[in-house]
Amino acid sequence: MAAETQSDTDFGEVSQLKGILFEYLSLGASLLGILSLAALLVYVAVDAFGLEAADPLWFLIYFVTLVVPTLGFVGYGVKNRAVGTVGGTSLLYLLGGLAATLALSILFIIFDAQQWLLVYTVGVLPAALVFIYGRMKEWQQANLLTPIVFAVGSMLGVFLKGPLATFPQKWIIYLWTLGVPVAALLGSRALNRDGRDAAVATAVGTLAIAVAAALAGPALTGLNSDVTLLLGLFVGAPTLAYVARVVRTGHDGVAGLLMPVVIFGGMLLGAFVVQQVAVAQPESWVTWSYFTNPPSQLSAEEAGLFPAIVGSVFVITNVAIMTLALGVATSIYLEEYAASSGLLGKITRLIQVNISNLAGVPSVVYGLLGLALFINGLGLGLGIVLVASITLSLLILPIVIISSQEAIRSVPNELRQASYGMGATRWQTIRNVVLPQSLPGILTGTILALGRAIGETAPLLMIGAATTTFAPPTGYFDSVTVMPLQIYAWSSQPSDAFRYGVVAAGVVTLLIVLLTMNSVAILVRNKYQNES
Amino acid sequence: MTEQSQPPDLTGNRGMQQTRETLYHVVFFACAALSVVTTVGIIVALLGDALSFFGSYSIVEFLTGTQWSVLSNSFGVLPLVYGTLIVTFGSALIAMPLGLLTAIYLSEYASKQMRSVLKPMLEILAGVPTVVYGYFAIVYITPFLEATLFPSISTFNALSASIVVGIMIIPMVASISEDAMSAVPDSLRQAGYGLGATKFNVSTRIVVPAAISGIASSFILALSRAIGETMAVTLAMGSKPGLPSSLHPGELFLRPYSSMTAQMVNTINGELSGGSAAYDAVFAVGLVLFVITLVMNIVSDRIASRYREEY
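Taken in sequence, the protein lines are chains A and B. Using the UniProt record's numbering, you'd call the opening residue of the first sequence number 1 and step up by one each time. Using the UniProt record's numbering, you'd call the opening residue of the second sequence number 1 and step up by one each time.
Be careful, since some hints might not be right.
To be verified - Cut-off 35 Å, straight-line C-alpha distance, at most; resulting in silico cross-link-like pairs (DSBU-like, lysine-lysine): (1) 199(B) to 79(A); (2) 112(B) to 18(A); (3) 79(A) to 112(B); (4) 199(B) to 18(A); (5) 119(B) to 199(B).
If you are wondering where the hints come from, they were derived from the structure by calculation, not from laboratory data.
Looking at chain B on its own, in the form it has when it is part of the complex:
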């Protein structure tokens, strides 16, 4: 404290400064720790109610039951898993090839100017609110499909949901895959050209295999996003839990189903105060959803870091 009176004062009030530095350190650490608290909160919230659900409802029946109905108190998760899977599968059919080709184009073919235009536009696809995508699906896409390709399509159907979710996750596949492809060193490409390969050969046989870990992790991340997608699926596919009666594509795609997320939103509506079996069942479904997406994210992360070729 005495330094203050002795000129020249180069260090300032050090005692005060020390406390202040420590204080800021502690405050910042507390903020960072909040994210861990959030995770713990999520796990506690999900586990708490899910456990009380499994206390009164058999976990085997939950996992293998083929009927979800709040009225008859039967909570079989299979129909919901089917709804989620069919949308994820359909959207993957759209987003994976389109996203991968987009990534190849952006990283190998596009001029710098083209890239600077295309990349922000692609980001817009992911930036449109999902409720808007859902509105597009029921108001424009389903009537369009009904008028052109599938006259027998239902108002709510898995196909339109798959289309909008597919469009939504293209940027995710494209941007992560493109990062992986851009990280492939130019010397590999030059070596390919030196051996007489065409640009097509270099792109598909050298760059894509070299970036395969990044591409795989982008696929998994996009799938996990599709699994967790709620509003677009709720609006487009409806929330009528059921299983298809045959493996005919029309039966698989053109009928209304309900995904895990859609059913969570729909079931919770009347049960907000808690305590009922349906309320707890929603948390059980949430727990399943959380675990699936968490595992996928971790796997994607592992693939990206473990199998990445180091250049």
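This is chain A alone, in the form it adopts within the complex:
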């Protein structure tokens, strides 16, 4: 720096101009790509939400009620880190809860809730109880017994479906099968933090909120009682528990709890003012019926994304389960078990090189793999959920493995040594030390990889997935379409209403889903970075 600012005649003139020009040139280059994408996103948002029809006053109202307060609060949160942390975490609870509610409601369109009730009651729950009992009493055989109980119970549950005739209402099924585990989970977390009284209060409170939401929700919101129960369970209860904890512990960033209030309050206030002033509103293509209608090739107004949304959620859930299990197992092997010398060491190096090469294979080639192996090789159906899920899993597995490896590698070796020093075996060390420490990193990487999977189109085209289906899949052997495929199918429609309306709405929906996933990933990472 000194050479730039001060130059003596003895050393010759040094021009600052070239340096300054170069700095701005490189800054401009950094921004060019970002700004062009931003411009395209603005265009597609204007088309999808029909913003051209809106009055300038409409923008002004929302700018004042929503944008300014939100930006102001974010600025405050950046300055005051404690407030920012609490604000981000409370948003994470709300967003995560909403995402869980949406995903579960959609999954229960595919899976039979009554069947789930039986499998849960005689299979999953007993297995979980055996496992927890074994843990608490240090009863080794429980580890063997758990999978047996689970398998036998689940099969029994499937067979019970026939003879049983009457089932409780859907929200009661949810309360029993989802509410009780969530309450137990939240309660056990409170037990570790604040003791027995808090645990009981949290568990009972969770169930009470869920029941209240199911009973009072439909009248207030017009939604089904099962949806409001899920909202109470996944959004209401965890958020309230978090609020209670922040307030009670006198956290510095208690003001951060206002973050969601500012955002949602701003939306409501804006909507209220717009209604009062009666300005021209945008003619949005992104409407409720767009999410609940089947696609239409003829009428743009009636076209919807419903089967594609259900298909996307179903496929991504399967992909998430498969890649998490396989990805974590592989990265544990490569980081914790793999030998560095001898024959096994050579095999390990081969696996490692192979994984990094697999990450570079074009996605369309994975489609060929799926087509040749699963469809024409094993004789599975064209474009069914099972093949789509496996193909996408293989596609993102290398990315998940590489990011999980990084997360596991970042766990300090001292922690492992300490665990071994206390007599723990390798698996005990991994389970109790390595995995809990690296879990945030693993989750972040997995969510980002899933974001890639949700936007993939080419491999699904190669395995013959239908670009348009009119009903959502009902099982693993049903043919499926996903959001990007539907967008691809629509984008060849010549009419402007499709080109600029329906497809734009699909693009915006897909991008919002991606944005939500990525924000959750970033919030997870930030939360744990701040804690550690």
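Starting from the structure of chain A, add chain B where the hints point.
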């Protein structure tokens, strides 16, 4: 097994534990080995059908043929190679300078705060689904180019495809190059300043040459990504296989062509059940694509590791 009854029990049930440890070891190894199985699966799938294609169709004709048409049963790969090359070349013209300058800015000029804002935003460029980029190209970029610069541009054209693919691979160039530049030790920079160099000189004459292996490997990786890109190219450039009739830039860039990937997607549509020559031809193209990208990835990896300056 007898330890269990003798207090104090410090080791737990060791026999059981031993089996469990071995079991986990085997299970984890099996999961890791699955990735090798995937590669083998890809190679077997591609080779199997590609070989049956070359059994009935001359490999020389495949590699030198100038016409790709399912109807007339002629499968010359050259038009597809041209489509892939032109998009790769065009996107490289955009992504390489922009990515390199971005990397220099991020590693040498940007403040810590600026970096923490810019880097995630750059990652967004790579995170947008490719089908969305394709939609952007046909609905916004091509009409924009038609209205402003090139009135004669076709609805489907190589230029808009190059632009969106270029934007898409900027982060790849930028992040890998930046890693390489950040790895250049500060002592080299300090030495430069000590000799009276300006920041511009240090950045362009010391840091960039010192990080050149990383930069080169980032270029190759980005090119390989552009070659394998499917949906954006299919939507933006169409799938009309052909070769340009002259070397005029308008002929090279403003007309519809078809890349290898686009043609794979398009040809397979009617031939999913297998057995036909077109189905096998798609696998032959897939094999070419796989080999090209694999070689590029390996070369990139070699450059990064072999020519890296050790500090």
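Structure-based check of each hint:
Proposed proximity of residue 199(B) and residue 79(A) is supported: the alpha carbons are some 31 Å apart, at most 35 Å. Taken as a hint, the residue 112(B) and residue 18(A) pair is honoured in the structure, with Cα atoms around 23 Å apart against an allowance of 35 Å. For the suggested pair residue 79(A) and residue 112(B), the alpha carbons sit about 15 Å apart, so the restraint of at most 35 Å is met. Of the pairs offered as hints, the one joining residue 199(B) and residue 18(A) holds, with about 10 Å between alpha carbons and a cut-off of 35 Å not exceeded.
For the given pair, residue 119(B) sits about 22 Å from residue 199(B) by alpha-carbon distance, which is consistent with the 35 Å threshold.
Of the numbered hints listed earlier, not one is contradicted by the structure.
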